[in-house]
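Q: Now for the letters of each chain:
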Amino acid sequence: MSIEFNRSYKIQKILKSDQNAEITDRLYDLGFVEGLEVIVEKRMPFGGPWIVSSTMIYVALRDEEFQRLELV
Amino acid sequence: MSHTYVLVGQPNSGKTTLYNWLTGSNYKTVNYPGSTIEYSMGSIDLKHGTNKSFVDTPGTYSLIPKSPDEIVTGKVLYDNEQTNKAHCILVIDGVHLERQMTLVFQMKQASIDFSIVVTMADLLKEQNTQIDFAALSKNIGVAVYVFNGQTSEGIDKLIAGLPLTVSEKPRKKISWTYLDFQRARIDAMEEVEKVTRKGNTNDIYGFTKKLDSWLLSKLGFVFFFGIMTLLFASLFWFSAPFSDLIEAGFSYVSTQIETAFPDSFLATFLSQGIVASFAAVLVFVPQILFLFLGLGFLESSGYLPRAAALIDHPLQKMGLGGRSFVPILSGFACAVPALMATRNISSKRDRFITSFIIPMMSCSARLPVYGLLLLFLFPDNAFLIGLVFAGLYFLSLFFGAVASLILSKFVKPSKDQFFMMELPLYRRPRIRIIIKQALSKTRSYITRAGPIIIFFAVLLWLGAQFPRVNSQAPELAESYIGQLGQVMEPVFKPMGVDWRVGVGLISAFAAREVFVSTMAVTFKVTADEEHQEKDLLQIMNQAKFADGTPIFTVGSVLGLIFFFMIALQCMTTVATQIRESGSAKFAWTQLIVLNLVAYVGAVVINQAYRLFFL
Ligand SMILES: Nc1nc2c(ncn2[C@@H]2O[C@H](COP(=O)(O)OP(=O)(O)OP(=O)(O)O)[C@@H](O)[C@H]2O)c(=O)[nH]1
Ligand SMILES: [Mg+2]
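Just so you know, the sequences run in chain order A and B.
Just so you know, we're using our numbering here: the first sequence kicks off at 1 and counts up by one.
Just so you know, we're using our numbering here: the second sequence kicks off at 1 and counts up by one.
There could be a bad hint or two in this list.
Dumping the calculated DMTMM-like pairs for lysine to aspartate or glutamate here, alpha-carbon to alpha-carbon at most 25 Å [said to hold, decoys possible]: (1) B:Lys66 <-> A:Glu22; (2) B:Lys348 <-> A:Glu64; (3) B:Lys218 <-> A:Glu22; (4) B:Lys28 <-> B:Glu191; (5) B:Lys52 <-> B:Glu98.
Honestly, the hints are just simulated from the structure, not real lab data.
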């Protein structure tokens with residue numbers, strides 16, 4: 001799915017991976033839960049992190065971290 | 001009896017700000033999640049009472065720690081005998097109340113006895129959010145206080161309300177599954193909704209997002225390099241007039257001493273030993289002050305987490321990560337706190353590589369050395385020196401990148417890395433506090449270097465005066481220092497410098513900036529009568545080997561600059577490295593490797609220059 005910027009998405013699922021389990025745990029720590037509405041603000045240049053915001057957070061996520069969020 | 005209270009909370013929630021108000025201390029507060037990396041304890045400011053002390057801790061997102069700084073907080077809460085029973089003060093950023101409530105539920109589950117302080121009261125007001133804290137307190141069964149970190153409003157109520165008893169209930173370690181997080185989030189949302197009345201809210205992120213649409217756009221890297229270049233180049237530009245003033249002051253003092261007591265042994269020692277030593281180093285103190293000011297400004301603005309995010313991807317390619325950026329940048333001030341700042345890096349491998357390259361960053365102790373050598377290369381061109389100066393900072397980053405590229409080939413990626421950087425609001429830097437902190441750091445820089453400068457001045461001066469020949473000062477070659485020099489000369493000759501510079505290089509292992517002051521002393525005592533009055537740069541220009549070839553050539557000076565860029569001459573850094581990495585072998589290997597590379601590099605540069613340009 002191609003992500004559109006400045007539009008609201010809902011987190012359908014937070015994916016787990018054995019590769020690096022701490023990423024998912026940290027996403028929980030930061031308050032990401034299923035059902036949360038987020039806005040993908042932009043992506044930083046040259047394959048840099050994504051900027052995601054919601055009513056409760058404004059955060060930069062590496063691609064690998066961002067991909068754990070299944071957005072609809 | 002004294003009561004202890006532990007401040008805990010998520011990163012950047014305002015713990016250190018509150019701690020400073022409570023204890024009257026001056027700890028650094030940075031608009032960056034993860035600025036505090038060690039706990040500290042302080043007694044209450046007598047303004048506010050007696051018999052209470054407070055503990056500041058590194059920010060933690062949850063009670064289940066994931067990085068070394070969070071582990072420090074875990075130890076304070078569970079292991080440290082002095083603090084593991086103490087009443088806690090959970091510091092919550094009011095703007096992110098709902099999210100940070102997770103910690104409320106975790107603390108309750110862990111049976112930790114605590115009160116809540118909601119900070120950023122000023123921002124809540126600006127945002128037009130009204131929260132009924134009394135109702136919140138009743139609903140969750142924990143005392144809640146409101147605090148404004150800018151004005152300290154609310155501090156008295158908090159202090160008056162702190163309990164004087166400790167709970168004896170044993171604390172439990174917790175572990176949470178996804179379901180626990182989800183339940184906590186839903187509970188938090190409901191609680192906060194019940195007590196919040198939002199007028200037509202002001203989006204306080206409006207300005208921040210607008211600024212980010214520039215600073216984090218495609219042009220982001222241009223801004224990044226612009227800001228860094230300005231920071232480094234301006235050190236020299238802004239400080240030049242102050243340096244001139246200091247230099248004039250010292251040379252006035254020195255002439256006064258010598259004219260007041262002509263031909264007095266003591267007066268010559270004072271003016272050409274002590275005064276010249278201090279003059280050589282202190283003319284570069286304005287640069288150091290401006291460096292601290294610039295870094296302080298950047299730290300409090302909120303730009304640093306953005307810069308970290310911007311360069312996360314390029315850094316990953318070198319085996320580092322965005323979280324390495326702030327420790328590396330603080331390495332430009334001093335490697336010791338910078339090594340401690342790596343605790344904010346979750347990944348063992350990233351932390352290892354970052355720790356290795358931090359001592360190669362151009363720390364403030366190197367600044368006088370570069371200043372002197374650049375003034376020699378580019379006399380009377382402050383603008384150009386400023387730019388070259390910035391170039392040296394970027395060059396040290398480049399050497400760091402090369403080193404980490406090499407290391408990343410040997411160290412396997414660890415599975416524990418994440419970046420996830422919260423981007424805080426941009427804040428107007430509080431100039432008064434920045435100036436105060438920069439001045440106090442500059443003062444401690446001088447008081448640390450001062451005794452070492454005096455020590456070497458005395459040592460070198462006496463070394464040149466003894467052994468007495470017919471109760472007269474000996475010929476230089478016969479003096480202790482001259483004899484020592486002849487023994488050492490073969491080591492330094494390949495670098496293109498003589499034994500006098502060698503003495504400076506060795507003294508730099510006590511403190512790098514002492515290189516400049518020992519150069520001033522050795523070159524003054526060894527210069528001919530007619531040159532002794534001149535300043536160090538002029539003496540350097542005329543200094544020659546016995547065979548008449550000049551000592552300071554472009555090649556030898558570039559070699560010296562390279563030597564100082566790479567060499568690890570600071571024993572405090574080595575000690576810190578041992579403590580932080582837990583491996584003495586790593587620290588000693590690094591010491592040997594870096595100094596070897598520095599020496600060989602300097603020799604190669606000097607020899608290549610001779611080969612091609614002479
Ligand atoms: N406007 C406003 N800013 C505040 C307030 N309290 C703290 N700040 C700012 O918030 C930033 C973070 O403050 P710190 O006190 O360093 O936060 P901390 O909780 O110690 O952060 P870590 O050590 O990273 O966990 C700094 O830029 C402070 O100036 C407040 O009440 N109002
Ligand atoms: Mg702090």
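Q: Hint by hint, say whether it matches the structure.
A: Structure-based check of each hint:
1. B:Lys66 <-> A:Glu22: holds, 8 Å
2. B:Lys348 <-> A:Glu64: holds, 18 Å
3. B:Lys218 <-> A:Glu22: Measuring from Cα to Cα gives roughly 30 Å; hence the hint is violated.
4. B:Lys28 <-> B:Glu191: Since the Cα atoms of Lys28 of chain B and Glu191 of chain B sit roughly 34 Å apart, the hinted pair is violated (cutoff 25 Å).
5. B:Lys52 <-> B:Glu98: Since the Cα atoms of Lys52 of chain B and Glu98 of chain B sit roughly 30 Å apart, the hinted pair is violated (cutoff 25 Å).
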